[in-house]
Every structure is written in structure tokens, then in C-alpha cells.
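Number of protein chains: 2
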Amino acid sequence: MSKNEIPYKIYLKEDEIPESWYNVRADMKKKPAPLIHPGTHKPLSVEEMEPIFCRELCEQELDNDTRLVPIPQEIKDFYRMYRPSPVVRAYCLEKALDTPAHIYYKFEGNNTSGSHKLNSAIAQAYYAKKQGLKGVTTETGAGQWGTALSMACAYLGLDCKVFMVKVSYEQKPFRREVMRTYGASVTPSPSETTEIGKKILSEFPGTTGSLGCAISEAVEVATKTEGYRYVLGSVLNQVLLHQSVIGVEAKAALDKYDIVPDVIIGCAGGGSNLGGLISPFMGEKLRGEKDYEIVAVEPASCPSFTRGKFVYDFCDTGHVTPLAKMYTLGSEFIPSANHAGGLRFHGMSPVLSQLYHDGYMKAVTAEQTEVFKAATQFARTEGILPAPESSHAIKAAIDEAMKCKETGEEKNILFGLTGTGYFDLVAYQNFNDGKMSDYIPTDEDLEEGFSKIPDTSDVQF
Amino acid sequence: MSKNEIPYKIYLKEDEIPESWYNVRADMKKKPAPLIHPGTHKPLSVEEMEPIFCRELCEQELDNDTRLVPIPQEIKDFYRMYRPSPVVRAYCLEKALDTPAHIYYKFEGNNTSGSHKLNSAIAQAYYAKKQGLKGVTTETGAGQWGTALSMACAYLGLDCKVFMVKVSYEQKPFRREVMRTYGASVTPSPSETTEIGKKILSEFPGTTGSLGCAISEAVEVATKTEGYRYVLGSVLNQVLLHQSVIGVEAKAALDKYDIVPDVIIGCAGGGSNLGGLISPFMGEKLRGEKDYEIVAVEPASCPSFTRGKFVYDFCDTGHVTPLAKMYTLGSEFIPSANHAGGLRFHGMSPVLSQLYHDGYMKAVTAEQTEVFKAATQFARTEGILPAPESSHAIKAAIDEAMKCKETGEEKNILFGLTGTGYFDLVAYQNFNDGKMSDYIPTDEDLEEGFSKIPDTSDVQF
Chain S
1 MSKNEIPYKI YLKEDEIPES WYNVRADMKK KPAPLIHPGT HKPLSVEEME
51 PIFCRELCEQ ELDNDTRLVP IPQEIKDFYR MYRPSPVVRA YCLEKALDTP
101 AHIYYKFEGN NTSGSHKLNS AIAQAYYAKK QGLKGVTTET GAGQWGTALS
151 MACAYLGLDC KVFMVKVSYE QKPFRREVMR TYGASVTPSP SETTEIGKKI
201 LSEFPGTTGS LGCAISEAVE VATKTEGYRY VLGSVLNQVL LHQSVIGVEA
251 KAALDKYDIV PDVIIGCAGG GSNLGGLISP FMGEKLRGEK DYEIVAVEPA
301 SCPSFTRGKF VYDFCDTGHV TPLAKMYTLG SEFIPSANHA GGLRFHGMSP
351 VLSQLYHDGY MKAVTAEQTE VFKAATQFAR TEGILPAPES SHAIKAAIDE
401 AMKCKETGEE KNILFGLTGT GYFDLVAYQN FNDGKMSDYI PTDEDLEEGF
451 SKIPDTSDVQ F
Chain G
1 MSKNEIPYKI YLKEDEIPES WYNVRADMKK KPAPLIHPGT HKPLSVEEME
51 PIFCRELCEQ ELDNDTRLVP IPQEIKDFYR MYRPSPVVRA YCLEKALDTP
101 AHIYYKFEGN NTSGSHKLNS AIAQAYYAKK QGLKGVTTET GAGQWGTALS
151 MACAYLGLDC KVFMVKVSYE QKPFRREVMR TYGASVTPSP SETTEIGKKI
201 LSEFPGTTGS LGCAISEAVE VATKTEGYRY VLGSVLNQVL LHQSVIGVEA
251 KAALDKYDIV PDVIIGCAGG GSNLGGLISP FMGEKLRGEK DYEIVAVEPA
301 SCPSFTRGKF VYDFCDTGHV TPLAKMYTLG SEFIPSANHA GGLRFHGMSP
351 VLSQLYHDGY MKAVTAEQTE VFKAATQFAR TEGILPAPES SHAIKAAIDE
401 AMKCKETGEE KNILFGLTGT GYFDLVAYQN FNDGKMSDYI PTDEDLEEGF
451 SKIPDTSDVQ F
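Chains as they are written, first to last, in the working numbering: chain S, 1 to 461; chain G, 1 to 461.
For the record, the hints were derived by calculation from the structure and aren't laboratory data. A portion of the hints provided could be inaccurate.
Remember, identical chains collapse to one label, so a pair may be satisfied in a single copy or spanning two.
[Unchecked claim] 25 Å max Cα-Cα, derived PhoX-like pairs, lysine-lysine: (1) 130 / 95; (2) 166 / 198; (3) 76 / 13; (4) 13 / 256; (5) 290 / 362; (6) 362 / 373; (7) 411 / 9.
With the rest of the complex left out, here is chain S (with noise of 0.2 Å):
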């Protein structure tokens, strides 16, 4: 390798951390949809949000207008502590594909929480601190979100109550032992400790959990506990806008060089590593600014963006939470075994959802053996072992690098590296024993998904 001009990887200094988040909202002319009750079928209010989640994130998740929020100094403070990440060129895998794209990603993983989680943990933790409250719960399936909360409660004092889906509880034990190490309790799902968790068990002796009945166990404690919320990962509004940190830092850092990305690659899941990602990027082309491509990756196993339906539809599968207009495969839709569980959500960020619609992004499939084998390529040139979430946008960039093998073109490639996979290794086991499978849904499968969609005619968004 050779000197160069840009760095193997580009790190802002700790007073360039961005002062304020970016609310791509702000620049939508079609905003999303709001959140509806699903009785009424009309908007949620502050007021009716507020019993589950704290007063500030509630007017965050409501506000479509203001385009820069001040980051609190106590956030800065932690974001200190594990930020600015880094943006890293791909020198070792551009040279490995003989490609003449230029390869960066912005790195979220160097962190113990593995995972850009960390960035909306920390602010939904401060806000509930703030108001004064003695903690908060949430659900976790694999663990990546549990743990990013366990340690901003840890730094902030603040009691932390994760429900974690009890096949994962015992046969994952790893990610529960770092929650409990930052202090969390961590209970089993379903539990005895609930009213849902007793009357599941009572129906279901035996069960191994779901993240649908977690998040319903975890919503109830919150709302029957003096001085707890309810607190989650992915898909809201308020969680976009949290992790738009991801995209201000990548632009901050490109923008010192004079790169200007070609094409921004992100996976998609509930949305909130890409929303976070494309935010101001996204912000400039809505405004007519630059017209950047921006690519959502999703596993052909849980093909929301591509194959769902743009409908209203519940959040989780126990159907305790709102409505929320997005692209989705059901509520009720189990996707196939995929070892990208922050993948595996039935719907989308409607930010997301409403930007697709609207044409301003596209999205692709991969499927689950080619995730890996890009995982494999990326680890043995670049040194870091990915997440098997991020590997989806890693395979789509090695995709677009080779296009410009063909053609020749120097695009300037970036995609989000939202983790690490030192947790993920049984798939990696599986991929290595050649025990991988890949299987994509059928029109039947899809069907039977649509079919539980409730009805929302009647709404006007």
C-alpha cells in the first residue's frame, strides 16, 4: 500500500463531534405519516405517547420541522467516550477486488455495545434521567440493543429492565452477561413478573419466548411502574433522528478531504443505522442540492422494502403498540432462521418508508451465503470480522466496486459498517461448516403475512 493523500482512516477530533443531530424530516415535502391509535385510528398526541415514553423523546418523535437539534452536552460527553468514529478507506479490499471505486465506510463497531445502538441508548437514557425518572425497560432478542442500553444506564444511574426472549436468554448467554456486568436485570421472556408473561405461560407451557410477547412484558412494567418508561431501538422517528450522529460525523469527515460520495449504502432493518447514516446527505438531495444513490440492503429473507406493503401495520407481533404507516410484511410474518437478527423486523422506519415511495432511494436483496462470503472477504483484507447485518451492505458495495471494474468508473462508494460480529459467531460456524441456508419467502409466505394487516381505510395519511 502505498502513501496517500486520505488516511486509512479519517477521524474527526473530539471537538468536531457534531453540535446538533440532523432531522431529515425537516426537509421532506411529503412528510411521514404519524403514528395512529389503534382503536381510533387517529394521531397520537404528546399526551398519549407519554405514559410509555419520556415527554422530550415524544415531541422528538412529533417534530417534522426543525432540521438541526442541539445534542445535550451530557450526550456529547458520552459520545466522547467511543466517537468520533471513524470513516476508514477500503484500501486493502478496493486492491483485493482490483476495482477502481473508491471504498469507504463509516466504522460504528469500536465500541462494547458492538453496534451504533449506543448513539440513541444514550439519548433516550439522558432524556428519561432528566425527567427525573428511575429507570426504564425495553426488550431485547439477540442482545445488541439490550447491551447498548445496560451501558448508558450504567453511566447514567439509571435502573435498566430488559426483557430478553428466553430461547436467546439461554442459548446466548454471552450478550446477557455483559447486561448484567453494566448492572441491568435481565429476566427471561415470557416471565412470571407480568400479567402477559403469566397468562402466555399459562397458554403456552414450555415456550421459548418472542420478541413480540418481550415487547409486551417490557410495555407493561413501564406503564405500571412509578418511574419507568419504555425505551426502543429501531424504527422511530426519534431514533433516526439520535443516529443521524452516524451521517453528520461520515460527511464532516469525507467533507475534509473533497470526497463527495457517489453511492451511499446502508442495511436495513427497522431503518435506524440507514436513516441515521443518509440523514444529511439525504437533506441535500431533497433539497435539490446533489443527487447522491442511496441503497438499502435488506436479507431476501425479510424483504420489507421490496416485497411488503406500504399500509399502516402494528410494530410488534403482540400488538400492544401503535400503527405506523410502512412498508411491511405483516406484523405476524416470521421470517426464515437468519442469523441477522437486526434484520429480521417485519417493518420500516416510516421516514424510510415514505423516501422510498417517494423514489428518493432504492433497495436491494441479498441472500444469506453471499452475506457471508463477503463477511469472510472483507474480514481477511480489512481485519475486522463484520456484523452479519452489516455484511449485507458490505456485499452490495463489493457489488457496486466490481460494476465499476467493468465500466471503469472511480465512484466513491460508502456504506455503514454499523458493527462487529464477536457475538455472531454460530453463524459464522455455519458458514464455515457449509451449513448455511438461504430461503426466500414464497408469494404464499407473503400472502399469508398481508393477511394480518388490520384494516386502516379509513385513515386519510
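Once you have looked at the hints, place chain G on chain S.
Positioned in the frame of chain S, the structure of chain G alone reads:
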């Protein structure tokens, strides 16, 4: 946390990556005693070492005179992927301790191997590649060193054969899968692939293996296979030389802000991290230019510095290696179950042993439970889940900072945070469950170990 002139993380620029390793042996008046042949008791020559190690590494092993050894460009290019590593000011830990001390740590864990081991792995792999070899062999216990070597070999296109202690291979499959992802072949040891492995299996059917046996198998394959050599992750002079990149970077980062450490603390197993961290500082101390207090921290369960003998001994339990003069508990000493796998070695680097013997550094011990208490406090305040090994240094740094609280001294404390604990969650689980035990060997335990040290009373060094 108020603004301060010193950032949380001091990052050197990529063009400030050191040009040279620092060979502290050049500053030692009393040089470390040479490795000797176990049969003849004569110092080993380059020629005698060459069947095992590649030539340039043999020369580095014996070079007691060259202070600055240039780092080859190819190795600097690899370092650029994950270096320079930051020196972090532990503002949040200081605040939690309410100490006037300033605590800094050099963090070596931000790479997929999870530790500093990569610094020497790439160097050893590079010299093997340069010599035109096909591959290297090594042994690994929990897998930290094997992972680092796999990453280095994948980058250079070198074959990597790892013998992994069978019990770890089966019970700790995750690092094994990281190695496989990087293309290494990982064989549970003892195996049927070597003579020594077959012999041990026939004598002890069902054995779960030992590091000593894995070393023997790795050496056998290296010496019997055309184009292969054996590599080792600690103890050797060459390894300390490569690891000096830690200390040279740390010193450059502190110099940038005119910070002079009063106390420098590192955990010590075989000595690779501690030796690397202190090299340039110790150089100044040996030349009488500065007077740093330098502290080695070892587990109370494996106290080679504090309770061992300074004599010639084997480096392995299988007695296939040369003899090294070092602080040792005897090559057959088995420490009690201690989760800091990297600190369970019975001996200590000959360089550090000589420096300790000559009074240039001191050593303290820490017990397992208090080490994990310190680890947990560090995780909750500084955000990083530390490796058990590194946590020994954290414990000593906290003790030092609390002394400062009593005396009111504003000491600068620097310690080495060698890695992350993401693959050590079983140990954290034991601690979280209150099931961690401390065992300090009795004098009888030590006498048993000492009784197996070979007689080398005829040796002059």
C-alpha cells in the same frame, strides 16, 4: 465532564506511527541471559535456532545492541489498519474514584484479535513470508494469539496451522471460528496428525490436552514440514521488540501534551504487553534520564515474579524448547483455575526478569475476585468491557489512584489496557453469579513446581 485541553483519546496521526521498534536490551548494562541448549547448556546460535524460527527473527532474538530497529514498510501498512491505538484519559473513572490522580490507558483492544498480540503476529508472519516460507505453526490456549496470527497470515497469504488445546477447542468454539474465518486450519490437540500427539493419545486416551502438548505438536509440524516455521506469542526477546510499538506510541502521544507518567503499570504473564509498553520509558530510566515507577501486576494464583526463582528453566511443559533464564514457578507448575488465561504462564520474559532482578521495576499480585470488581467498575464508567488479563492492571491503577486520594498527589498513572473481554464472558458470568474463587498457591505447591526445574548449576550466565 467539563472541557479540558487534553482530549479523551489522544490519537497520533497515521504518519506518526513509529518508524522503529525500541530494543530496550540496548540500554541494559546487564543483558538478559541467552537461551541455552537443554543438552549442551551452551548458548544457542542463529544456526541452531533456524530450523525452528525464521532467520531474521533469530537475529532479532540475539540482538542486544541495536536500540532502534526499523519497522518494515509492509508491517507499517498493516499497523495502519488498526493503529495508532489511542491513549485514553480515564476522566469518568477518575470522577467515580474522586481522585486527584490523572489516569491514562493505552488501549490495544480495538481490533478483531481483541488484544495487542497482533503487533507481533504480523511481524513474525511478515519475516516468514519474506523468507519465502509457505506457512507457520503455533499453539493456542483460549485462542487470542491464534486469532491474531490467523489475521496476519490471511493478510499476507501465508498458511497458518494452529494447534488448539482440545478442551478449549470444544468448550470455547468462538475464537476457533474466528480463526477458521481467517482461513487458518485449527486442530484440537493432542491430535493424530503428529507423532507426539499419537504418543500422548495412546498413553492418555481421552485427555483434553495442555498447552505444553500443543507446543510440542506445533514445533514437530514446523520442523518436519518443508517451508514451515514455528512462531510464539510472548516471552521471547523478539516479541518484546515488536510489542515496543505500544510504548513508543504511548510515549509519543503523552509527549504531545507534555504529560510525564509517574507510574507505569502493566499486567504480566509471559511479559509481551508489559515489556512492549515500558520499553522506551525503561530505556530513559536505564540511561538515568528519567525515574519512572514501573509496576508489573500478576495474578496471585500464578506469581512468577513475586514468588518464583530466577533460574534457567524450560518454556514449556513438554520440554521441547530451549532453556531461558527467567523468574519461574517451574515448567510443570499448574496454576489454579484462573480466567486470565494469558497470565497463567509459569515463567516470565528473560528481559523483564533481568530488569526486575536488577531493581528497575517492582511487581505486585492481585486476586481474581478483586480483579473482576475493578473490571466491572471500569466497564461501567469507561464503557469498555476489559479482558481479564488487562483488568489486573486496572486493579493496580485504581489502587494507585486511591493512594493519591489519601495523599492528595496529582500523579500521572499510565496503564496498558491490552484487550477486550468479549470472549471471556464465562468468567464474567462466574463473577456475576458470585461463583468466582481465589486460590493462592501454598509454599508446598510452589516447592512441588520448583522441584522440577532442571539443574543448570554449571551454566555461567
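**OP:** May I ask which of the numbered hints given earlier this structure violates, with the numbers listed in increasing order?
**Re:** No numbers; nothing is violated.
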